[in-house]
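For reference, the chains in residue letters:
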Amino acid sequence: MVNALKNAPIAVLDYELTCATGCGVAQLRSALALQQSGLRANDFEHSTLPTWIGRVPELDNFRWPDNDALWHSRNNALIHLALHQGQLLTNIDALATQFGRARIGIIMGSSTSSIDRSELAYRHLTPSGELAPEFQQENVLNPHAPGLYLAHLTGISGPNMTINTACSSSAKVFASAARWLQAGLVDAVLVGGADTLCLSVLQGFDSLQLVSEQRCKPFDDTRDGINLGEGAGFSLLARSGEACLPAKALLRGYGESSDAHHMSHPHPEGEGARRAIEQALARADLAPADIDYINLHGTASRANDSIEGKLIANMFGAEACASSTKAWMGHTLGAAGIIESLVAVDALHTGLVPGTLNLQQVDSDIPLALFAENRQKNVHHVMSNSFGFGGNNACLIFSEANV
Amino acid sequence: MNNQCVIYGVGAWGPGFNAWSELLALKNTAVDTTVVKTNTPKPAVIPANERRRAPLPVKMAVEVSWQALQASGLSSDQVACVFGSGLGDTDITDYMCRALTTELKQLSPTKFHNSVHNAAAGYWTISSECMQAANSIAAYQYTAALSVLEALTQCTLEQVPVMITLFDAAACPAYKSLFPVEQSFAAALLVCPAGYRLDAEALAIMSCTIQEASQQNETNNDPCPIAALAKVNPAAKIAPTLMGLGDIVAGKAQQLQYTLPLGGTQNLQLTLQALTDKNTSI
Numbered sequence: 054m055v056n057a058l059k060n061a062p063i064a065v066l067d068y069e070l071t072c073a074t075g076c077g078v079a080q081l082r083s084a085l086a087l088q089q090s091g092l093r094a095n096d097f098e099h100s101t102l103p104t105w106i107g108r109v110p111e112l113d114n115f116r117w118p119d120n121d122a123l124w125h126s127r128n129n130a131l132i133h134l135a136l137h138q139g140q141l142l143t144n145i146d147a148l149a150t151q152f153g154r155a156r157i158g159i160i161m162g163s164s165t166s167s168i169d170r171s172e173l174a175y176r177h178l179t180p181s182g183e184l185a186p187e188f189q190q191e192n193v194l195n196p197h198a199p200g201l202y203l204a205h206l207t208g209i210s211g212p213n214m215t216i217n218t219a220c221s222s223s224a225k226v227f228a229s230a231a232r233w234l235q236a237g238l239v240d241a242v243l244v245g246g247a248d249t250l251c252l253s254v255l256q257g258f259d260s261l262q263l264v265s266e267q268r269c270k271p272f273d274d275t276r277d278g279i280n281l282g283e284g285a286g287f288s289l290l291a292r293s294g295e296a297c298l299p300a301k302a303l304l305r306g307y308g309e310s311s312d313a314h315h316m317s318h319p320h321p322e323g324e325g326a327r328r329a330i331e332q333a334l335a336r337a338d339l340a341p342a343d344i345d346y347i348n349l350h351g352t353a354s355r356a357n358d359s360i361e362g363k364l365i366a367n368m369f370g371a372e373a374c375a376s377s378t379k380a381w382m383g384h385t386l387g388a389a390g391i392i393e394s395l396v397a398v399d400a401l402h403t404g405l406v407p408g409t410l411n412l413q414q415v416d417s418d419i420p421l422a423l424f425a426e427n428r429q430k431n432v433h434h435v436m437s438n439s440f441g442f443g444g445n446n447a448c449l450i451f452s453e454a455n456v
Numbered sequence: 017m018n019n020q021c022v023i024y025g026v027g028a029w030g031p032g033f034n035a036w037s038e039l040l041a042l043k044n045t046a047v048d049t050t051v052v053k054t055n056t057p058k059p060a061v062i063p064a065n066e067r068r069r070a071p072l073p074v075k076m077a078v079e080v081s082w083q084a085l086q087a088s089g090l091s092s093d094q095v096a097c098v099f100g101s102g103l104g105d106t107d108i109t110d111y112m113c114r115a116l117t118t119e120l121k122q123l124s125p126t127k128f129h130n131s132v133h134n135a136a137a138g139y140w141t142i143s144s145e146c147m148q149a150a151n152s153i154a155a156y157q158y159t160a161a162l163s164v165l166e167a168l169t170q171c172t173l174e175q176v177p178v179m180i181t182l183f184d185a186a187a188c189p190a191y192k193s194l195f196p197v198e199q200s201f202a203a204a205l206l207v208c209p210a211g212y213r214l215d216a217e218a219l220a221i222m223s224c225t226i227q228e229a230s231q232q233n234e235t236n237n238d239p240c241p242i243a244a245l246a247k248v249n250p251a252a253k254i255a256p257t258l259m260g261l262g263d264i265v266a267g268k269a270q271q272l273q274y275t276l277p278l279g280g281t282q283n284l285q286l287t288l289q290a291l292t293d294k295n296t297s298i
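Taken in order, these protein sequences are the chains called A and B.
Counting in my numbering, the final residue of the first sequence is number 456, and the numbers go up one at a time with none missing.
Counting in my numbering, the final residue of the second sequence is number 298, and the numbers go up one at a time with none missing.
Just chain B, with the same shape it has in the complex:
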């Protein structure tokens, strides 16, 4: 089925950027994103006492979701959400597994409830007062593709705005041999069903199809400032798409395609299209 949705908001945080505009601006700079540091985000939507207890993956996921929501002008209670993370919170895994090797095996109750994969979805829905459906997905290196597929399907089928939030923090030291992820990345895209009218400016049309990997797909190969990170960080596989979205909004491209691996023998072919009239959506 046709799953064309309209993007109304974008959020991003990662090495060298605190917002989507800052990621786009990295394109023409000499910043080495493999070594640059970024301050831990402080999402204003989480109350200060809760924020102190929130782990980094939660903070960055909520921060980018808040950025995307504000750009759309929607209230969070109108927006269902799909949170995707390929690795989860390996720092908490590390803490729990170490504590469980000790004789007393005592765990902090806060760290335990923060250890669930849907901690980010939980903090988001609680602090932004969203009672909509909240999903939390893991698909290892295919997490970005599955999260986009799930969100566009939900958005079109149920005619509800959906927040897609992808986030993966740097892996804990013990796991570095398996997951060589040295830097953290988070991004959010807020999509609305075709014909959903908002005051905010629509950015582009997004749709996706499943294709056999053997099929030759058209893919935009423009250089991405965090290309090295996108190879190893499951969430960062969406970064080239965010760069292309910048080109579409700037009028530099009409249509761009991206190929995200789905696992098995398949790819997700993601298409971005410029809107002819930014106020009337599709």
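The following block holds chain A by itself, in its conformation from the complex:
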């Protein structure tokens, strides 16, 4: 394969996230260890849908900085919250000192961007049908809102884009960032993903009859749909060995493909997903048996889990160590790619493999030995799957930094 990452890996210098399971990686770790799900019965404002959601309760107390009125949206609040976890801002400053802010890029992934703010704006249109003054937010009411807000918060002034490929968005940010770094366009990239709960996604997925009224049960025989969640995650990337910060992990492989099948239904044999996984393995120069943990897309929809489960069993064997973490935090859509990748990356450090929560009886058609309890093991290489509407697939492989 052209462009193997094996000999020129990308260093993951830092990562942070916020979702219903935890505000920051430290909280996420303790919740995972205690098997505490962040799902709750739907109490989202203005929604009466009978379902469970992964809402971030810290957003209730979020206080906007002064003078930022034109940046207000729930999605931006979540970005602000997640960016201020751990040492992320300190480390961004260290890279800015080393490389200069114009040599750092931003690639965000999102599905809703700030559509939550549009929903609110439409509840307050003027009598003549125009946006009220507080909603005249050109930098928020467009799909690049997450990238624009991140540049505003960090002062990063290099190339900046938002990838919107639905639920694969913030997995694909790693692939684009790897290309930008390999091509020398920039010296570091702040990649991220952010999506917030809003009526558009709650009602939209309900219109497709994909929302479960119960806690979601990925890969279970009785699974009947997804729970929606919200979250944001970030990672700082640079060419290995060049940054002033030590690597916490390595991005070793990525794969991107299309199903060419249907807008909202996966390819029945998972052909697109297989292509993405094969590409990622080839770039990483790893065999299926080398992968110690797979974070599955595992939405708990009947179709996804059946197709993905059979494909993984076929490629990695029935005993592959894999789980879906959707029942911990809900499906965070455009943020799922990075949040679930970071759950897997964190396993390189903790050795904790989270179980597939709520799993009681694995679907008899899915030949995978999945488990609900956590497992502790040595983890050297991890993989994460993300599949989105439009048949858009991405697969990422990360390795421990000292391999």
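Not one of these hints is a red herring.
Restraint ranges, calculated between C-beta atoms of paired labels, are given here: (1) A:Ala335 with B:Gln94: 14 to 20 Å; (2) A:Leu102 with B:Asn65: 28 to 34 Å; (3) B:Asn65 with A:Gly404: 48 to 54 Å; (4) A:Gly208 with B:Val51: 40 to 46 Å; (5) B:Ala244 with A:Ala57: 44 to 50 Å; (6) A:His402 with B:Ala229: 39 to 45 Å.
Below are the EDC-like pairs computed for lysine to aspartate or glutamate, each with C-alpha atoms no more than 16 Å apart in a straight line: (7) A:Lys59 with B:Glu174; (8) B:Lys127 with B:Glu66; (9) B:Lys192 with A:Glu183.
It should be emphasised that the hints constitute simulated quantities derived from the structure, not laboratory data.
For every residue, glycine included, the Cβ atom is placed at its ideal position computed from N, Cα and C.
Start from chain A and add chain B according to the hints.
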């Protein structure tokens, strides 16, 4: 790194033109492109029953991609794609936000799945049977620059042909105060890595570099028939480049440069060069 790629196909649709050749032909006419109407495209590659349900941004993006693909003679499954739109589908945003203010809050499932920013990439890959990587980018007023940068980087680094499709439809009425876009525009450029051999005629070499905005850049300022639209419609910022490509192919210019804003403090400097031998590429 050197990101020189070879352009093998162009597609265009917008006010007063249904193809790249028709855009070029507007140069010497008195057509007022700020008022002219163009029929909604009917991309033949989308099956009729799917086409009926496809919104305008999807139709125009798929139409121009199909035009560029046919000019290249490639099969779509050989071509990765980068779709860029600065505003997305504001008509669907408008529909959803209005529906969500009602008591029942019911959404059409078709409109919901069409609301994703990658609807155009989805319809394209599905109807043309393309299983390659498909990207969908938003960078507001910088969308054209970021899409070109992303596509040329992918094309050279991964040695794969890439379709660059830029599209922005007129904004919905409620958003007109923010985005004064009255007309729709779409264009596609199919680029191949240097040395990639095709039967089709190579049109020009394209490359780009990132430069500080403070730097004085050489830029071609020839009048563009849709100059007013290019100021407000993020996708249409590529229109002057499409005009220059016409001059290169016609032998009227050897090299032309265009400056596209990248945001921050930077510009993308885009260079078009004539090919010395149209059949052997670079």
